[in-house]
Structures are given as structure tokens and as C-alpha cells.
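Visitor: These are the residues of each chain, in order.
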Amino acid sequence: MARISILTPTLIASDAVGNDVLGMHRLLTRRGHEVHLFAEDWSVDGVPVLYASHARDYAESLDDILIYHHSIGWELGGDILESSACRTIIKYHNVTPAEFFARLSSHHQQLCELGRSQLASIARARHTVYLAASAYNMRELIAAGAGPARTFVVPPFNQAESLSDVVPDLAVLDKYTDGKTNLLMVGSVRPNKGYASLIEAFAQYYYDFNCHSRLLIVGAEDDKLDGYSRALRELADLLHLEGAVVFTGEVPVEALKAYYLASDVFVIASEHEGFCVPLVEAMAMKLPIVGYASAAIAETVADCGVVWETIDPSLMAESIDTLVRDGETTAALAHEGQRRFEAVFSNAAIENEFLRATAAAGLDL
Amino acid sequence: MITEIPRTETRTDEIDLAELMDRIRARAEERRANSLIDTAAILYRLLQTNDAGELTWPGADAQSEFPLQPEFVAKESYDTADFLGYNDRIFVLNAYRGILKREPDDAGYVQFLAALRSGRLNKIDILAKLRFSPEGRTQNVSISGLQGRARLRQLYRVPVLGYFAELAVGVLRLPSLLANHRKLEAHAAAQDERLAGYLGEAMARVDQKVSALREAQRQIAQLNQQQIKALFREQRELTEDQNRLKQQISNFQGQTDNQFAAHKLADEIQLEKRQELEEFVANQIVQKLQRTRAELVLQERRLSLLLEQRGTDTAASAPSEKQPADGVDPLMDLLYISLEDQFRGSRADIQDGLQVYLPILSASNIRDGVLDVGCGRGEWLEVLKDQGIAASGIDVNRLAVEQCARLQLDVRKADAISHLQTLSDGSLNCITAFHFVEHLPLQTLARFLDESLRVLRTGGVLILETPNPENFIVGGCNFYFDPTHRNPLPPLTMQCILESRGFARLETIELHPMIAEKIKGDDELTKRFNKYFYGPMDYAIVARKV
Numbered sequence: 001m002a003r004i005s006i007l008t009p010t011l012i013a014s015d016a017v018g019n020d021v022l023g024m025h026r027l028l029t030r031r032g033h034e035v036h037l038f039a040e041d042w043s044v045d046g047v048p049v050l051y052a053s054h055a056r057d058y059a060e061s062l063d064d065i066l067i068y069h070h071s072i073g074w075e076l077g078g079d080i081l082e083s084s085a086c087r088t089i090i091k092y093h094n095v096t097p098a099e100f101f102a103r104l105s106s107h108h109q110q111l112c113e114l115g116r117s118q119l120a121s122i123a124r125a126r127h128t129v130y131l132a133a134s135a136y137n138m139r140e141l142i143a144a145g146a147g148p149a150r151t152f153v154v155p156p157f158n159q160a161e162s163l164s165d166v167v168p169d170l171a172v173l174d175k176y177t178d179g180k181t182n183l184l185m186v187g188s189v190r191p192n193k194g195y196a197s198l199i200e201a202f203a204q205y206y207y208d209f210n211c212h213s214r215l216l217i218v219g220a221e222d223d224k225l226d227g228y229s230r231a232l233r234e235l236a237d238l239l240h241l242e243g244a245v246v247f248t249g250e251v252p253v254e255a256l257k258a259y260y261l262a263s264d265v266f267v268i269a270s271e272h273e274g275f276c277v278p279l280v281e282a283m284a285m286k287l288p289i290v291g292y293a294s295a296a297i298a299e300t301v302a303d304c305g306v307v308w309e310t311i312d313p314s315l316m317a318e319s320i321d322t323l324v325r326d327g328e329t330t331a332a333l334a335h336e337g338q339r340r341f342e343a344v345f346s347n348a349a350i351e352n353e354f355l356r357a358t359a360a361a362g363l364d365l
Numbered sequence: 001m002i003t004e005i006p007r008t009e010t011r012t013d014e015i016d017l018a019e020l021m022d023r024i025r026a027r028a029e030e031r032r033a034n035s036l037i038d039t040a041a042i043l044y045r046l047l048q049t050n051d052a053g054e055l056t057w058p059g060a061d062a063q064s065e066f067p068l069q070p071e072f073v074a075k076e077s078y079d080t081a082d083f084l085g086y087n088d089r090i091f092v093l094n095a096y097r098g099i100l101k102r103e104p105d106d107a108g109y110v111q112f113l114a115a116l117r118s119g120r121l122n123k124i125d126i127l128a129k130l131r132f133s134p135e136g137r138t139q140n141v142s143i144s145g146l147q148g149r150a151r152l153r154q155l156y157r158v159p160v161l162g163y164f165a166e167l168a169v170g171v172l173r174l175p176s177l178l179a180n181h182r183k184l185e186a187h188a189a190a191q192d193e194r195l196a197g198y199l200g201e202a203m204a205r206v207d208q209k210v211s212a213l214r215e216a217q218r219q220i221a222q223l224n225q226q227q228i229k230a231l232f233r234e235q236r237e238l239t240e241d242q243n244r245l246k247q248q249i250s251n252f253q254g255q256t257d258n259q260f261a262a263h264k265l266a267d268e269i270q271l272e273k274r275q276e277l278e279e280f281v282a283n284q285i286v287q288k289l290q291r292t293r294a295e296l297v298l299q300e301r302r303l304s305l306l307l308e309q310r311g312t313d314t315a316a317s318a319p320s321e322k323q324p325a326d327g328v329d330p331l332m333d334l335l336y337i338s339l340e341d342q343f344r345g346s347r348a349d350i351q352d353g354l355q356v357y358l359p360i361l362s363a364s365n366i367r368d369g370v371l372d373v374g375c376g377r378g379e380w381l382e383v384l385k386d387q388g389i390a391a392s393g394i395d396v397n398r399l400a401v402e403q404c405a406r407l408q409l410d411v412r413k414a415d416a417i418s419h420l421q422t423l424s425d426g427s428l429n430c431i432t433a434f435h436f437v438e439h440l441p442l443q444t445l446a447r448f449l450d451e452s453l454r455v456l457r458t459g460g461v462l463i464l465e466t467p468n469p470e471n472f473i474v475g476g477c478n479f480y481f482d483p484t485h486r487n488p489l490p491p492l493t494m495q496c497i498l499e500s501r502g503f504a505r506l507e508t509i510e511l512h513p514m515i516a517e518k519i520k521g522d523d524e525l526t527k528r529f530n531k532y533f534y535g536p537m538d539y540a541i542v543a544r545k546v
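Protein chains in written order, with the numbering used here: chain A, 1 to 365; chain B, 1 to 546.
It is possible that part of the hints are untrue.
List time: in silico DSS-like cross-link candidates among lysine-lysine, alpha-carbon distance up to 25 Å [said to hold, decoys possible]: (1) B:K273 - B:K246; (2) A:K224 - B:K209; (3) B:K520 - B:K531; (4) B:K209 - B:K123; (5) A:K180 - A:K286; (6) B:K129 - B:K101; (7) B:K520 - A:K224; (8) B:K183 - B:K209; (9) B:K75 - A:K224.
Per label pair, the in silico range of CB-to-CB distance [what the hints assert, rightly or not]: (10) B:H187 - A:R3: 51 to 61 Å; (11) A:P148 - B:E234: 50 to 60 Å; (12) B:E185 - A:D222: 33 to 43 Å; (13) B:R25 - A:A143: 48 to 58 Å; (14) A:A85 - B:A107: 31 to 41 Å; (15) A:H335 - B:N258: 31 to 41 Å; (16) A:A143 - B:N180: 29 to 39 Å; (17) B:L199 - A:P48: 49 to 59 Å.
Not the full set, but computed from the structure, chain A residues with beta-carbon under 7 Å of chain B [to be verified]: (18) Q204; (19) S314; (20) L315; (21) S319.
Honestly, the hints are just simulated from the structure, not real lab data.
From the three backbone atoms N, C-alpha and C, an ideal C-beta is built for every residue, glycine too.
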């Protein structure tokens, strides 16, 4: 049994990287390994987390394994990884291209630039194995220098499965099951998520098809990006959609489930996604998906949603209308989504992929 | 090697995604071509793509902050002055970023900022504290001039000596402080100028934004107006469609109604025809049956006559008991007349009651050939005579026959059966017998009926009137007022006997209800009581030979 350290800059129970870290922790602990979590900043219950710099003490021998989650620039993490003398697994969640944050937040821009430059050094460093959240991420890793033979696709562990056990927030459910058509997007309010395009497409749907509808944007808003948040609200006001576009901010999982239940279609206009966990949640919650095929979106959705190659609000609006009105097609897509979720994105399926990929790289986990 | 997220096996039987997307694309294109409002174009005019390929709109540009302090550039070695140019919050942030190469933690940031603002620590103190902390030593950033100045700051903290040392350094640095003051004045003036410039720019941006927003407002108003127009048009088209549809429905309904009426009529005709046919067939069968039955009765009668004849022949050869000539005791005749006077009512009352039979005769067009059996005092024969209908009567009561003769009625003293036996087949149109049958034993009744059937022509009528035992008073008491009465004959029994002897088309007429005695009331008990106790005292059966 190995001593395994999992290292991530921030560990939050509700975000994509956090769920992936905790999923790995669960699996590896269950398989009898000694697993430790390290982060610089964390907010999780039930599992002990140590300050990141202590990870150095757990990564000194070849018997040890260090799993490094790369999703943002992190100097301390980079240093620890570089100085480690143990076997290393890189989990690549993708780093948002810094250009998205230009003129909006130099803080984010710098972190992303750093993350991108770290990607190159991490990819070239011949770590034991590289696990990419999607084929899109894998291509980036390989392009940055990672050896194709030691690079694999393993989707991130997620909370979609546990959503079914959560009791939905009834107040939210009551509020939004009022006869209006609800379109849902889940994701933090950041410029790479294409919210402006989404609001544009929604405006087209709202004015051309159904003014008895609303767009629910469920996701945390960042103080450092308040210019972006403000601009989106101004856009909604400009298009006379005030009230029809709802920003909920970050919500607890009970409310999240209620939003999934109250919605008719999951819509996504994101311009950059390394994987996109909310798509998997939508599949698990039997919600049909309409979106644009940027980055990893098309491969995550595959055949259980309507995904357009080009950004075209009229196609998006037409798709939404078709799914809202054609119950049979919607049900078929939802069914297909659930099948895909169970076959590919359930934690059991991901565990298998994780073990297969690590075994292929010679790690007996 | 795992190279991508596996695709779930496509199940074309469930959904053909390519076909769905083609359908959506075609619909979107059709909509674009036919839509009254080009929402996409309006949105496009409002939202524009900038040089970097990003979607922008009036108000999208986040207002840049007015840079009151120059931007801090992170590097490996600094001069103390690199930090001292910043003030307050920015100074603390830059000190962390420059020396510890990280963002300040919340506790440190708050503590240093408070100390700086209170004057407890100055900038040199903070820089020194960070630089010479364990973390600062690890980062080992070089800051020239910091160490000397920090030491001097330490010297100032020595009691008494520190005060004089600070004073001496102060005096020595006075020219430099004055120069600094002048620099500060010039800087403040420059800042004012920059601020004025910035405000001018900001105002220009605001103006620009306001006019962009006005334009957007105009576009949206146009969108709304077009939308309303389109809605009205759609509504009008819908109303027209609806009216057309209503008309079609009403036409269709009219056609349906006509068809329905025609069908109904055809059904009714068919039903009528069928009923007629059924009636015809039934009548044929009934008539045939009745004829057969009449034939049978006739044969039976003939047989019994032959048997009787045989018996008479046998008796003639044997010695017989002496009988009175007509077999009736004259004293009994008197008694019966008395009884009739007592219980049957006055002549006028009886004649009133008999009026009910006249319509039956006229309906059968009977103007003659009427025989009244048991005619008694001849009330009925008198009624018939008044109507000009030729009729005769028979009775066994000699006194009654004599009474009739006095009234010049055609009446003879005769026994009914014997008299009938003298008449030829089909020689009478009508036989009446009022209060007669209840005097006969069953076998005699049967023979009377058989003879009557024989002597009546086809279509001839037999009218029998008799007390109604369904009235309990009649059945239990009044019937026995006349001791010569044999059996009360309930209507059903009488009908049954008549039918069995070959009569048809029976008709029962209820007569003489005890109206005056009836108890007032509508309840079930009263109704039943009135029916059984005060119902019709007599009834008549009209039977026909067919």
C-alpha cells in the first residue's frame, strides 16, 4: 500500500476540482492506501487537510505518490512538484487562457498566464502519468510536451450521483415552477463562460419564441470580476430582459438540485471548458442540453444534446424552442443523457478509468 | 491507450440527432426568411464584436480605475524607494507582493494597515518586518538601503538617546525634507491636473455611453413596436383562420344534420314498415289461430250433440220420471222478479247504464239481428227499439216474458241454449246477455258460448255483463243478493273462458264504480282501498267472432 499525497491550490467541497480530489481520496483510501490532502486554502468537512508546503515531507521517496491537480497558476505547488522525488500523477483540469481576463482582472490574468507557463514545464517534466479530464485537455498536454504513451483521459469524479439523494430546496422549487419556461446555466460568472453570448441567444428565444421564459444563471460571482458581472447585468437591462435573466450567485447543493428540477433545458454558450461538470449533472438530472461546441463541450455532451459548431443565437433559440415544445425529443435526449451519465460519468465508471489509466502507467493502485 | 471520453453507443431507434439538428437548422433558416422581425439583426446592431473577437455592448467596458499611484512592478531586487512611493492599502499589498511574493493573508494585511494608519509603524518598519520575517528570509528579496534605515529606526526606540538621535537626524535632514516638501507640492499640482484630465475623459466616456444607450433604447423601442405590429397581424390572421374554421364546422354540421335527419327518416320508415309487416303477420297468425280454435269448438260441440243425441235415443227407450212441462217452478219466477226489482234498480237507471253499449253496435254497423239472452224486463230491448235496431229477447221467467210482451217487445220464453240450437250458423249480428252468465254452471256457460259463436256471423259481437268480484263488496256480499247466482266470474277468468271457446278481440269495460262512497285522499292506502272496495261493481266483456 502506498503513501499518496493529493495536492491542489484550493480545496472546496462544492467545486469541480474539489469533487475530483475528494473522489480520488475516497477511492484510494477504500483501496487501503495512506492518503493525505494538501492545499493552501481549503473548506471541506470530514477529511483532514494539511498546509500545502508540508507535502514536501510526503514526497521524498520513490515509494510515495504525489497527485498534483493543475487548474491554475500556483508557484508553491509548482515548486513542490519540481522538488518531489516520488512518483507523480498530474491531473490536468485545464487552465483558462489568460486573454479572457484581459482588462477585467489582472489578478486572474496573471494566475492564468502562470498556469499556462507551468503547464509547459509540467508537461515536459516526464511525470509518471498524466490524467486529462477530457480529450481536449489531453491534446493540450501532448502539444505541451507530455508523452502520449503516459497520457490518458479520465473524467473528473463529481457530485452528480449524490444529487439524487439531496432533498431539493422547496422554496426555490416553488418560486420557479410558476409556469414559465426555465433555461438553466450552471457555472461561476467568469468571462470564459460566454455569458454575453448566452444572454444574446436567450434574448432571441425570448423575443422570437417565448417571452414567458427566464434564464437562470447559477454560479458564484467573483469580487475581482465585478466589472464583468456588472456588464452582464447591463446587457440584460439593455435588452429589456431585466427580471428574465436571474443571477442566483453561489447556491447550496439543495438549491442547485431545485434549479435542475425546475428547469426545462440546460443551455451553455461557454467559450472555454476543459470538461464542464454541470453538463454531467444535467445528464444525471435528465435535462436536455443545448450549447456551442467550444473546447471540450461537444465531447462531454456527445449524442445527448444539441451542440452547434458555430456561435449562432438563432440556432440556439430554435433548438431551445424545439426541445421545449417537443416532449418526445426532449425525453429521448434526457434518456440518452442519463444512459451516458451512468455508462461514462458515474463515479464507478470513473474509478474504473482511473485505475485502468494508472495501471497502464505501471502504478498499482 | 485511453484517448478520449468514450461516446455512448448511439441508439438510432431512440433519437436521430443529425436529423433533429437538420430540422432545427431548416426551421431557423425558414424563420429568418419569413420572420417579420429580425431579432438577430437588432441584437447584432446592439452587440458588437470588438477587434479581439469579443462580444461588446454599450456599457460593457469596465470602467478603469483612475491610477492615483504608479503600477508596481514585481522583480527580484528593489530599492527601498520602490516601495515608499506607494501609500496606505496599496503600499501593504505591494510590500507583500514584492517581498513575500504572495497576496497578503487577511490577518497580516489588516494588522499592518491599522499600524500604518495609526502611525505606530511607518513604511520602513513594515518593510523591515516583512523582509526579516522567516518567510521573508526564505524569499530573500534584496532591498537596498532598507537595512540601514531599519537600524536607524531601531536606534530611535532607545529611551532618551533615541529622542536626541531622532532630533539630530531631523535637523540634519531638514534641507532634504524641505526639498521633499517642494516635490510633494509639485506632485500634488500634477495629480490635480491628471485628475482634471481624467474627469474630462470620464465625462466624454459617459457622454458616449449615454448616447450609445439612447441608441440602444431606440432600437429596442423599434423592436417592441415591430413585435406589437407582428402580434396584431398574427392575431388578425388567427381570428380570420378561426372564423373560416367556424364556418367550415358549421357547414359540416349542417351537412351532418341533414344526413342525420335523412337517416332518421329512413329508419322511421323502415321501422314503420317493419311494424306494419309484423302486425300484418301477427294478425294473420292470430286470425288463423282464432279460426282454428272456432273450428275446434264447433267440432267439439257437434261431437257433444251427437253424444247427447245418442243419450236421448237411449233414454227414449227407457221409462223416465215425470217432469214439469218447461222444468221451471212458476213460484220461482215470481221470486226472481222480486229480487230483480229489489236489487237491480229502477228501469230508467238500468236503461241509463245500458247506453254505454250503443256505440259498440254502431261501430260494428249493427242495425238488426240482435238477440238479448235473459232479457228480463226488456230494458235493453226497449233501448234498442228506440234506436230503431231490430232485436229479440228470450228469458226463462214467464212473468218477465209477459211483462215484455206488454211492452210489445219481441220476446219469447225459452232456455238460452235450446233457443240458440234452433238458430242457424251465422244468423245473428249480436248476442247480449246482461247479468246472465253468473247464473250458469261452467259446463252450461261453455255450451252457451259455443252456441253463440256458432250462430254469430263472422264479425258478430257478443256482449256479456256480469258483477265484478274484483270489488270486494260485490265479491264478498252483493253478488249473493241473488240466490240464483252460481259463481262470481272475475274479468280475467271470463276473458280466459271466452278465448278458450274461440272468441277474439276481447274488450273489457268497467262499469258502475261506487264513486259516492270513495274516501277522499291521494295516499297509497286510500287509493288501494277505494280500488278494492269502491271500484267498478260490474264489468262487461265485448267479444267478437273472427
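Visitor: Looking back at the numbered hints, which does the structure fail to meet, lowest number first?
Guide: Hints 1, 4, 7, 8, 13, 15 and 16 are the ones this structure does not satisfy, whereas the remaining hints hold.
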